[in-house]
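Colleague: Order-wise, the sequence lines are chains A and B. Basically our numbering = 1-based index in the first sequence + 166. Basically our numbering = 1-based index in the second sequence + 919.
Quick caveat, the hints were computed from the structure, so don't treat them as lab data. Using N, Cα and C, we set each Cβ at its ideal position, and we do this for glycine too. Some clues are possibly wrong.
[What the hints assert, rightly or not] In the SDA-like style, the derived pairs of lysine to any residue whose C-alpha atoms are separated by at most 20 Å in a straight line are:
no.	chain 1	residue 1	chain 2	residue 2
1	B	1079	A	442
2	B	1079	A	568
3	B	1077	A	453
4	A	568	A	533
5	B	1077	A	430
6	B	1096	B	997
[Unchecked claim] Partial selection, computed: residues in chain A whose CB lies under 10 Å from chain B:
no.	residue
7	204
8	205
9	330
10	346
11	466
12	472
13	479
14	559
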Amino acid sequence: MPFAVVGLSHRTAPVEVRERFAFHPSEAPDALRSLLDKPGVGEAALISTCNRTELYLHLLEAEQGVAHAKQVLASQAGELSEPAEHFFYVRREKDVVRHLFRVVSGLDSMVLGEVQIQGQVRDAYEAARSLTHTHPAVGAALNRLFQKALAIGSRVRAETRIAEGAASVPSAAVELARKIFGSLRGRRGMVLGAGEMGELTLQCLVNEGLESLIVASRDLTRARKLAEDMRGLAVPYREFLDHLQDVDILITSTGAPHPVVTHAQIRRTMVDEPRSPLFVIDIAVPRDVEPAVGDLPNVFLYSIDDLEHIVTANLERRRAEIPRAEELVEEAAADFWRWYSGLRAVPVLKRLRERADELRRAELERTLSHLDHLSAEDREQIDRLTRSLLQKLLHGPTKRLKEAAEDGCEHDVLEAARFLFDVDDRKGKGEP
Amino acid sequence: MHVVASALAALLYTAASVGYALWFARARPGAATLTAALMSAGVLVQGAAVALYWTRFHEPPLVGFGPSLATLALLIALAVTGLGFFSTARAVGLILAPVAVVLLLSAMVIRIEPAGSEPLFRGPWLAFHVSLSFIGYTGWVVAAAAASMYLLQFRELKYKRLGAVFQFFPALETLDKLSEWSLVTGFAALTLGILVGAAWAVRFEPSLNWADPKIAWGTLAWVVLLLALWLRLSGRRTSREAALWNVAGFGLVLVAYFVAKLMAPETRFFL
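Sequences and hints are given; from them, build the entire structure.
Modeller: Have a look at this one:
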């Protein structure tokens, strides 16, 4: 039975197309059931994230199964300006294994090395595994494929630096905040102005546990809206200095043409008593914070340029890890494929052993019928002897057939075995 | 047998130190688990060495320079192992694991054997005095290691050099809290140790001989530790300043120790 993956990703389709193909977790079971009902489909699992929608299949009949998978995906998208087929890619056999392993490792992600994909694949696998249907959506082949994929994803992240360091400006701000304050729980933050990037950064910090949020903006309506969304407090822009002493993190994102936070203002807040560090994130262009603020003893000032430099350096470091990560993926894919190919020898081996045992039993019965004088114990000894002989005789061929299958040259060798031992494992079945 | 066990423990601590270095250099990102396992194994083996020593000499390894250093190494290794359970602070082992190696190897060179048979240096009072003092010193070593890492991490963040130190070292807040907690624990244990020692010594010498390097150094260490703790807890200094004082104080006491050792060349005792 062949493997196949049918799908589309950020590499083949723009976001407005990808969102049409996306499956809500509640829609995935029905899609899988309808696919599993189709002839030619043995096992199936669906991965749907904002960057990809993919159906992983273990098929009874390759072309038929792939066609059904395309239909399921196309029906999810509905009417499109171009045929759905234009956005699809199809991979088969070992390429499926390599593809999934690369996906889980973050090598095929829009942001190289991103970690969320590991959890998304795990969720997709669990959802397919727990699907109730006439037959399981995930059988031996996909089960092992996904388990190995999740394992290699973890290994790549543990043994390379592909997931290390922040890969976006907001996540760089979060990473820095974590290195200053440890946990952000109980920390207080203030955002000055309410630009889009400031809002995004704030959202990331709030997700990390930032509490007691103050939004100060000239546009009080917008400040109130943002404060409400983040469960914070909106204050008029002119009052921000009154609250400065109470915050640990200050994000500035105003559209002012000159610095609005000065060295003198910040120094005043730190004069009365030594305070915990102040992390200032200046995302505005032109800058909102005087550069001299960074010279104050317990102040960490980062501008948008600083954060972008961090992101660039991190992405470069991640890119440098690609060869090692690809090597690990390739190694794991080869291991998996050896195991999978080895399975192709199983029906021949099973039939060979059955046939040999049938012959042994027949010959044993015939011989023992002439040896009535033997005790039960002697008969048992002879039975054991023939079984042992058979085991020893078949050990070599069994081992070599498995090895040949694992090495990918199973076709000729298995045919030879069928011919030499006169076994036919394909009666009434498809080729494995 | 206790020497063989100590050598094995030293080997395990060395392997753990190499693991920390590889982890730090990101040459082996997966080295963290192995490092923790090696350190724990080292502690278990050195624990066995202590038991063997006790069985053989009928006293804990607290009297004599070699045994004292070995015990101090064990306490520091124990602290590293304990910190290994807190993923946010385990990187402090990068400094502490090699310290344990140096102490244990020094102890082995000096020989891990009892100092002598004077009854003065036996009994539970002495065991309490030495054990508590060593716990105090261990607390201070941990505090100084955390403080020095704080200063390096502070520098990385302040000057935006976000390299290996930034990635590997814990957060400033974590290092600050660890340093504070270790200082408090260390000071409490050392104070108690000194009180027990003083109460025990007064039976033999009614008045303290301040010219005795042991007493002068011990008093200096206690005073500097008190000062470092006061600076940390008073709220008059920033965490960075407190860390600076902590490291400088520790350095001063360390230098004073070597001076005291030169003045009192007798090597049988910890001082």
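Colleague: What hints, given by number in increasing order, does this structure fail?
Modeller: Hints 2, 4, 7, 8 and 14 contradicted; others consistent.
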